[in-house]
Amino acid sequence: MGRITLDKVTKSFGATEVIPPLDLTIEDGEFTVFVGPSGCGKSTLLRLIAGLEDVSSGQIRIDSKDATMVPPAKRGLAMVFQSYALYPHMSVRKNIAFPMKMAGIDEAEQNRRIEAAAKALNLTDYLERKPGQLSGGQRQRVAIGRAIVREPAAFLFDEPLSNLDAALRVGMRLEISELHERLKTTMIYVTHDQVEAMTMADKIVVLRAGHIEQVGSPLELYHTPRNLFVAGFIGSPKMNFIEGPEADKYNAHTIGIRPEHITIGTGDGPWSGVVNVSEHLGSDTFFHIHNTGLAETITVRADGEVGFRHGDRVTLTPRSDVIHRFDAQGQRIAA
Amino acid sequence: MARSVTPQRKAFNTAAAWAVGLLIFFPILWTILTSFKTEAQAINDPPLFFFFDWTLENYAVVQERSDYMRFLWNSIAIAGGSTLLGILVAIPAAWSMAFVPSNRTKDILLWMLSTKMLPAVGVLYPIYLIFIRLGILDTRSGLIVVLMLCNLPIIVWMLYTYFKEIPGEILEAARMDGATLKEEILYVLTPMAIPGIASTLLLNVILAWNEAFWTLNLTAAKAAPLTAFIASYSSPEGLFYAKLSAASTMAIAPILILGWFSQKQLVRGLTFGAVK
Amino acid sequence: MATQHSRSAARLMMAPAVVLLLGWMLVPLTMTLFFSFKKYLPLRGGDLGWVGFDNYIRFIDSSAFWPSVQATLVIVGGVLAITVVLGVALALLLDQPMWGQGVVRILVIAPFFVMPTVSALVWKNMFMDPVNGLFAHLWKFFGAEPISWLSEASMQSIILIVSWQWLPFATLILLTAIQSLDSEQLEAAEMDGASPVARFGYIILPHLGRAITVVVLIQTIFLLSIFAEIFVTTQGSFGTRTLTYLIFQRVLESQNVGLGSAGGVYAIILANIVAAFLMRIVGKNLDA
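Residue numbers (my numbering), protein chains in the order written: chain A, 1 to 335; chain B, 1001 to 1276; chain C, 2001 to 2288.
Treat the hints with care, as some may be off.
Said to hold, decoys possible - Only pairs whose alpha carbons sit at most 27 Å apart, straight line, appear in this in silico DSS-like list of lysine-lysine:
{"#": "1", "chain 1": "A", "residue 1": "Lys-94", "chain 2": "B", "residue 2": "Lys-1182"}
{"#": "2", "chain 1": "A", "residue 1": "Lys-184", "chain 2": "A", "residue 2": "Lys-119"}
{"#": "3", "chain 1": "C", "residue 1": "Lys-2140", "chain 2": "B", "residue 2": "Lys-1164"}
{"#": "4", "chain 1": "A", "residue 1": "Lys-74", "chain 2": "A", "residue 2": "Lys-8"}
{"#": "5", "chain 1": "B", "residue 1": "Lys-1106", "chain 2": "C", "residue 2": "Lys-2284"}
{"#": "6", "chain 1": "B", "residue 1": "Lys-1106", "chain 2": "B", "residue 2": "Lys-1116"}
{"#": "7", "chain 1": "A", "residue 1": "Lys-130", "chain 2": "A", "residue 2": "Lys-94"}
{"#": "8", "chain 1": "A", "residue 1": "Lys-101", "chain 2": "B", "residue 2": "Lys-1116"}
{"#": "9", "chain 1": "C", "residue 1": "Lys-2284", "chain 2": "B", "residue 2": "Lys-1116"}
{"#": "10", "chain 1": "A", "residue 1": "Lys-130", "chain 2": "A", "residue 2": "Lys-119"}
{"#": "11", "chain 1": "A", "residue 1": "Lys-130", "chain 2": "B", "residue 2": "Lys-1164"}
{"#": "12", "chain 1": "A", "residue 1": "Lys-101", "chain 2": "A", "residue 2": "Lys-119"}
{"#": "13", "chain 1": "A", "residue 1": "Lys-101", "chain 2": "A", "residue 2": "Lys-74"}
{"#": "14", "chain 1": "B", "residue 1": "Lys-1116", "chain 2": "A", "residue 2": "Lys-94"}
{"#": "15", "chain 1": "A", "residue 1": "Lys-130", "chain 2": "B", "residue 2": "Lys-1182"}
{"#": "16", "chain 1": "A", "residue 1": "Lys-65", "chain 2": "A", "residue 2": "Lys-249"}
{"#": "17", "chain 1": "A", "residue 1": "Lys-94", "chain 2": "A", "residue 2": "Lys-119"}
{"#": "18", "chain 1": "B", "residue 1": "Lys-1164", "chain 2": "B", "residue 2": "Lys-1182"}
{"#": "19", "chain 1": "A", "residue 1": "Lys-74", "chain 2": "B", "residue 2": "Lys-1106"}
{"#": "20", "chain 1": "A", "residue 1": "Lys-184", "chain 2": "A", "residue 2": "Lys-101"}
{"#": "21", "chain 1": "B", "residue 1": "Lys-1182", "chain 2": "B", "residue 2": "Lys-1106"}
{"#": "22", "chain 1": "B", "residue 1": "Lys-1116", "chain 2": "B", "residue 2": "Lys-1164"}
{"#": "23", "chain 1": "A", "residue 1": "Lys-238", "chain 2": "A", "residue 2": "Lys-249"}
{"#": "24", "chain 1": "A", "residue 1": "Lys-65", "chain 2": "A", "residue 2": "Lys-94"}
{"#": "25", "chain 1": "A", "residue 1": "Lys-184", "chain 2": "A", "residue 2": "Lys-74"}
{"#": "26", "chain 1": "A", "residue 1": "Lys-8", "chain 2": "A", "residue 2": "Lys-249"}
{"#": "27", "chain 1": "A", "residue 1": "Lys-101", "chain 2": "A", "residue 2": "Lys-65"}
It is worth saying that the hints were derived from the structure and are not from the lab.
Since this is a predicted model, take the numbers as computed values, not measurements.
Turn these sequences into a full structure, and let the hints guide you.
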């Protein structure tokens, strides 16, 4: 079981309030991602749940039991750190055994769990090595192994992929998702990368300055962002924002349109501009259009290879059914 | 990026550096050489460099006459004891400062260092008096305590700088893994900090070994370490160069060897991390 | 970055070190202050009552005081000048590519590990002795009259001995600092047309500024209280009686504790002035 409830939780460091009163429930078995720009309080929130920091006020409940004052080891949670935090002087086997040794689990059971975890994580051949002799991806797996063997109520991940190179990151992302499918244990995952959030989460919590901006499934956030911040944060490339007369036409202060919802062409269209930069990825092409009179730059995505070049004059046609409308406070105007 | 230089330039550098190095080392070399001469050869005019009858006689005489082993044992006990005791007190303190810093940590560290700057002579009499009252004048345990207190700021400071380099996440991982504070320090921090603890140990043994204010003023016969052993050669035995040299060589040899091992850590320990 | 629990544990674990050092600092300091206001002669009547600032005035008024301050300053200043200048030169030399760098380093560092009583005795007898010392042989070899170093040139001799002990320290720290200089900076300066002298003046020396300050401050603190070197060589005669040695004589030789304690308070004040500067540098480094 691993249902985690935060009830009016706050955190201040001295006079600065990092987390204003915050309520959140994470259901048992859910893969929840905390996402937001750096300094938004997402790591602090995770550390509060872990018990590595005290809450300033409010209550944290794990499976309906008050865990607010419970020391980290007794909360039944396991954490994978950004730096992996492996014990460099211990072999992989000893690293994985450490939490079980601390819990006083007998040796036979320890070995059974180590073998099982090593097999699941492809670490069997590396059990006697020291962390220093492993690659980044292998270290990451050891850290996960150390978490698995505790059979925790929930896993906490603190930006676990940020120290890996791009290719490895995609692979590990899949592995963690598979792990979740297999274990069905609650996982809380902190990242600043919205792609990780979108691809892995059952539920995304978007944070800014300690505030929850929106909670929802990845597609909810994509289709109905509650405000300008979430709209701009979720989706890549970023949503285009347009103010002024064009927005007035839609009875909004600001309208937002995603790059993939604009068609680029040379014929007639409501908007027009000049291609400034084009980025060819093969599968898609991104155009950055200037001189539209709408915003400084409008980003457009086209499928496959499209051959416009710097200086070409183009017309743009937005799909009117997916235009997001926001009021002067940046809040979504319901359709 | 090492810059490549012409062989001539390198040869010149080498010659100059070796010349200066040997000049600086010469007094030590001369002492060691003289210790193997007879007294007559030691004051021979002109001085003899390598061509004399090498003898170990002086070492035997020095040992016999002044009981070198007793002074040596006192030095080992005092330097080793004070350092070990200091490390035991300092590890928890350094852990606190490195991993649970508060806004007072910096002030406490600086205050600790400032106690090191108090001139010993200013408090000589009070310490003397306390030692007499407690009946620990001329005892090893008395000196162990005083030298421990003398070097405690340096020990705390060095350990602090080494501990700071250990990522806090690893200790947090241990905490999450269910380790108590004691287990965290014993199983995770200490093994990781072994190199740092070792060099702290080494440097402070050297400092305690060479300490020559308290060891001279608070000992007489029983607990006197090698600093006092040598000071007793001040006169008139000092005129017997060969024996003086043998005694000196015996007093500095152990620490010279330790010192060469610890030279890398020396800078850090002695500048309190201000120069890296 | 921690919980209430770990913070209280931290305070508890810091307590032994803090309490010990606090006691080590406060108890003797209070006693010294206490004695400094008393006429206290342990062998001639013991505690003879309060005398106010008498000891402080007498200590300064004594004919030995100003010469001892002068001797202290000359020794500290002389050793600092020698070790810093030679230290920079030596560090520059050792930083050059050469064969056997490691061995040379060891040779240069060695004097630092020699205990002060040994180095003082070796220099005094085997080098500076006017009859059998090596210097005497050298002088005779060149046809000069051997000098009785420790009586005729006592200050220079002490400065030489102490400089020999501290030069390794200065060299080592300055060498470390030079090696931390980004070589690309020097190459950029070379590309910009700076001569070796200009590179030294505009880049290396400013880079060494902080290391030199640290060397000066730390050495000052240690040099202000050198003791063994004087104890085994001149015993404070021939104008080498430093403030430290004067206080030592007042307290232990003439057993005038009150007077010596007043001197001790002066020494503490002097050391604190230097220490304040050092603390500022170290403190700044802590923030970085």
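Exercise. Does the structure keep Lys-74 (chain A) and Lys-1106 (chain B) at a Cα separation of 27 Å or less?
Worked result: Between Lys-74 (chain A) and Lys-1106 (chain B) the Cα gap is close to 32 Å, so the pair fails against 27 Å, i.e. violated.
Exercise. Is it true that the CA of Lys-65 (chain A) sits at most 27 Å from the CA of Lys-94 (chain A)?
Worked result: violated, 32 Å
Exercise. Can the restraint linking Lys-65 (chain A) and Lys-249 (chain A) be considered satisfied, given a maximum Cα separation of 27 Å?
Worked result: violated, 53 Å
Exercise. Is it true that the CA of Lys-1116 (chain B) sits at most 27 Å from the CA of Lys-1164 (chain B)?
Worked result: The given pair, whose Cα atoms are some 22 Å apart, holds under the 27 Å limit.
Exercise. Going straight from one Cα to the other, do Lys-1116 (chain B) and Lys-94 (chain A) come out at no more than 27 Å?
Worked result: Given pair Lys-1116 (chain B), Lys-94 (chain A) is violated - Cα atoms ~42 Å apart, limit 27 Å.
Problem set entry | Restraint status (C-alpha distance of Lys-184 (chain A) to Lys-119 (chain A) at most 27 Å) | Since the Cα atoms of Lys-184 (chain A) and Lys-119 (chain A) sit roughly 19 Å apart, the hinted pair holds (cutoff 27 Å).
For this session: Take a quick look at whether Lys-1164 (chain B) and Lys-1182 (chain B) sit within 27 Å of each other, Cα to Cα.
Result: holds, 19 Å
Problem set entry | Restraint check for Lys-1106 (chain B) with Lys-1116 (chain B), where alpha carbons must lie at most 27 Å apart | Satisfied, since the Cα-Cα distance of roughly 16 Å is no more than 27 Å.
For this session: Take the C-alpha atoms of Lys-94 (chain A) and Lys-119 (chain A), compute the straight-line distance between them, and say whether it is at most 27 Å.
Result: Between Lys-94 (chain A) and Lys-119 (chain A) the Cα gap is close to 16 Å, so the pair holds against 27 Å.
Exercise. Given the proposed pairing of Lys-130 (chain A) with Lys-94 (chain A), does the C-alpha separation stay at or below 27 Å?
Worked result: holds, 9 Å
Exercise. Are Lys-238 (chain A) and Lys-249 (chain A) close enough, with their CA atoms no more than 27 Å apart?
Worked result: holds, 22 Å
Exercise. Does Lys-74 (chain A) lie within 27 Å of Lys-184 (chain A) when you go C-alpha to C-alpha?
Worked result: Given that 27 Å is the threshold and the Cα spacing comes to 21 Å, the pair holds.
Going down the numbered hints, you'll see the structure goes against 3, 8, 14, 16, 19, 24 and 26, while the others check out.
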